[in-house]
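A.B. asks: In case you want the letters, here they are:
Protein chains: 2
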Amino acid sequence: MNYPNGNKKNYSKLVNYANRGMNLEELLNDSNAYYLESDKAVIYKKPTPIQIVETKTPNNKLVITKAFFKTPSTLDYNGIYNGKYIDFDAKETMNKTSFPLSNIHEHQLLHMKKVIDHGGISFLIIFMNNLYYYLDGNDIISFINNNERKSIPYKYIQEKGYEIKLQLKPRLDYLKIIDLLYFKEN
Amino acid sequence: MNYPNGNKKNYSKLVNYANRGMNLEELLNDSNAYYLESDKAVIYKKPTPIQIVETKTPNNKLVITKAFFKTPSTLDYNGIYNGKYIDFDAKETMNKTSFPLSNIHEHQLLHMKKVIDHGGISFLIIFMNNLYYYLDGNDIISFINNNERKSIPYKYIQEKGYEIKLQLKPRLDYLKIIDLLYFKEN
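Note that the protein sequences, when read in sequence, are chains A and B. Here the numbering used here is used: the first residue of the first sequence is 279, the next is one more, and so on. Here the numbering used here is used: the first residue of the second sequence is 279, the next is one more, and so on.
With the rest of the complex left out, here is chain A (with noise of 0.2 Å):
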């Protein structure tokens, strides 16, 4: 998730020298809008949820007054790729040994599995270690369901998961695993 003057972002920012002071969030949204432009693909991160309690309209103009931040129960990307439904999140972590599950809610786990059976691609992409995956929503929930552990180890994710180099356009090419992964006879 990702909160305006939440800690993580910042963070990132100060760590990841190498993407120029851009978050795992922007190289999403900049690759996102590459690949609308290109017309390779039509994704969007969804809008943060959000409780409004009180609005205003001084000078004629609607002001949210006061309003909070609420829990998502879907995953923050979705659109459309070659014909598929893809649907994933970005997540960041700064343990070096593991990948908590406690970053994923239980809903959208859940929501992950049910795109899945739908015929959808779901997926993560982990900034962990100063490097990017893409991890395969089959892997995580396979993961879990072999396993009683609260995190994926950063071996697994190496294993499983495919590393995603920084480039200029896209700055994180994740389709291009998806061909790999589900296009592979084109």
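Calculated directly from the structure, the hints in this document are not laboratory data. Where a beta carbon is used, it is the ideal one built from N, C-alpha and C, also for glycine. Be aware that one or more of the hints could be misleading.
[Stated by the list, open to error] Derived pair list, reagent style DSSO-like, types lysine-lysine, alpha-carbon separation capped at 27 Å:
1) Lys392(A) to Lys392(B)
2) Lys348(B) to Lys339(A)
3) Lys334(A) to Lys344(A)
4) Lys334(B) to Lys348(A)
5) Lys324(B) to Lys391(B)
6) Lys324(B) to Lys392(A)
7) Lys323(A) to Lys438(B)
8) Lys323(B) to Lys334(A)
9) Lys438(B) to Lys454(B)
10) Lys344(A) to Lys334(B)
11) Lys323(B) to Lys369(A)
12) Lys433(A) to Lys374(A)
13) Lys348(B) to Lys324(A)
14) Lys348(B) to Lys344(A)
15) Lys392(A) to Lys454(B)
16) Lys369(B) to Lys348(A)
17) Lys391(A) to Lys454(A)
18) Lys374(A) to Lys454(A)
19) Lys324(A) to Lys462(B)
20) Lys318(A) to Lys334(B)
21) Lys433(B) to Lys462(B)
22) Lys334(A) to Lys462(B)
23) Lys324(B) to Lys369(B)
24) Lys438(A) to Lys318(A)
25) Lys339(A) to Lys369(B)
26) Lys433(A) to Lys462(A)
27) Lys391(A) to Lys324(B)
28) Lys324(B) to Lys339(A)
29) Lys323(A) to Lys318(B)
30) Lys318(A) to Lys447(A)
31) Lys323(B) to Lys324(A)
32) Lys318(A) to Lys392(A)
33) Lys318(A) to Lys348(B)
34) Lys391(A) to Lys428(A)
35) Lys447(B) to Lys318(B)
36) Lys392(A) to Lys462(B)
37) Lys454(B) to Lys318(B)
[Said to hold, decoys possible] Looking from chain B toward chain A, a few residues come up when the C-beta cut is under 8 Å (computed):
38) Thr326
39) Val341
40) Ile342
Guided by the hints, dock chain B onto chain A, whose structure is given.
C.D. replies: Relative to the frame of chain A, chain B by itself:
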């Protein structure tokens, strides 16, 4: 668009006694919840996009104290049904003879076209003359390409669209129309 204190919503509550006080957005959220529960489809309304200007943390709880509504560049609802990407919006008009195209932003029309081009299904659900209609994106784009008019005549909606009758579960079974149009062989 559904501004929390907009007039449209309250007005539709007054005129549309038949749906027992539920406006179009509530009817669709209810239908989507039913589809989700019965494992028929995974479709959600996107949160309203807002621009957060100011937050505070009284008693250690993060509160948004100043924010504005933003104009959405996509449609409000999306998800997956039967392996297909679904993307649509809900619109109400008090106009009896035609549906003003000013109800749809130019960005939203472009988005609709892109979704269809990439193999998805896009449409509008229109509440007009106290009736609910499914109007397919292809018919909307075809109308715009072949007409100079700034509104779609009600006759066109009656001819090309499909009426969705209010019922108990789901309240508005719009997937039935998609079955008819896109999964006829089943």
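A.B. asks: Within 27 Å, alpha carbon to alpha carbon, are Lys369(B) and Lys348(A)?
C.D. replies: holds, 26 Å
A.B. asks: Checking one constraint from the list: CA of Lys318(A) to CA of Lys447(A), max 27 Å. Satisfied?
C.D. replies: Between Lys318(A) and Lys447(A) the Cα gap is close to 13 Å, so the pair holds against 27 Å.
A.B. asks: Given the hinted pair Lys447(B) and Lys318(B), is their Cα-Cα distance within 27 Å?
C.D. replies: It holds: about 13 Å lies between the C-alpha atoms, which stays within 27 Å.
A.B. asks: Compare the distance between the alpha carbons of Lys324(A) and Lys462(B) with 27 Å, and conclude whether the hinted pair is satisfied.
C.D. replies: violated, 32 Å
A.B. asks: Is Lys318(A) close enough to Lys348(B), meaning Cα to Cα at most 27 Å?
C.D. replies: Holds, because 26 Å separates the two Cα atoms, which is no more than 27 Å.
A.B. asks: Going straight from one Cα to the other, do Lys318(A) and Lys392(A) come out at no more than 27 Å?
C.D. replies: Roughly 25 Å between the alpha carbons, so the hint for Lys318(A) and Lys392(A) holds.
A.B. asks: Between the alpha carbons of Lys438(B) and Lys454(B), is the straight-line distance 27 Å or under?
C.D. replies: Status holds; Cα separation ~16 Å.
A.B. asks: For the pair supplied as a hint, Lys348(B) and Lys339(A), confirm whether the alpha-carbon distance does not exceed 27 Å.
C.D. replies: holds, 12 Å
A.B. asks: Is Lys334(A) within 27 Å of Lys344(A), Cα to Cα?
C.D. replies: holds, 9 Å
A.B. asks: Has the given pair, Lys433(A) with Lys462(A), been kept, meaning a C-alpha gap of at most 27 Å?
C.D. replies: Distance ~25 Å between Lys433(A) and Lys462(A) Cα, so the pair holds.
A.B. asks: Holds or violated: the hint that Thr326(B) contacts chain A, with Cβ atoms closer than 8 Å.
C.D. replies: holds, 7 Å
A.B. asks: Regarding the pair Lys433(A) and Lys374(A), is the alpha-carbon distance no greater than 27 Å?
C.D. replies: Given pair Lys433(A), Lys374(A) holds - Cα atoms ~10 Å apart, limit 27 Å.
Of the numbered hints stated above, those contradicted by the structure are hints 7, 19, 20 and 22, listed in ascending order.
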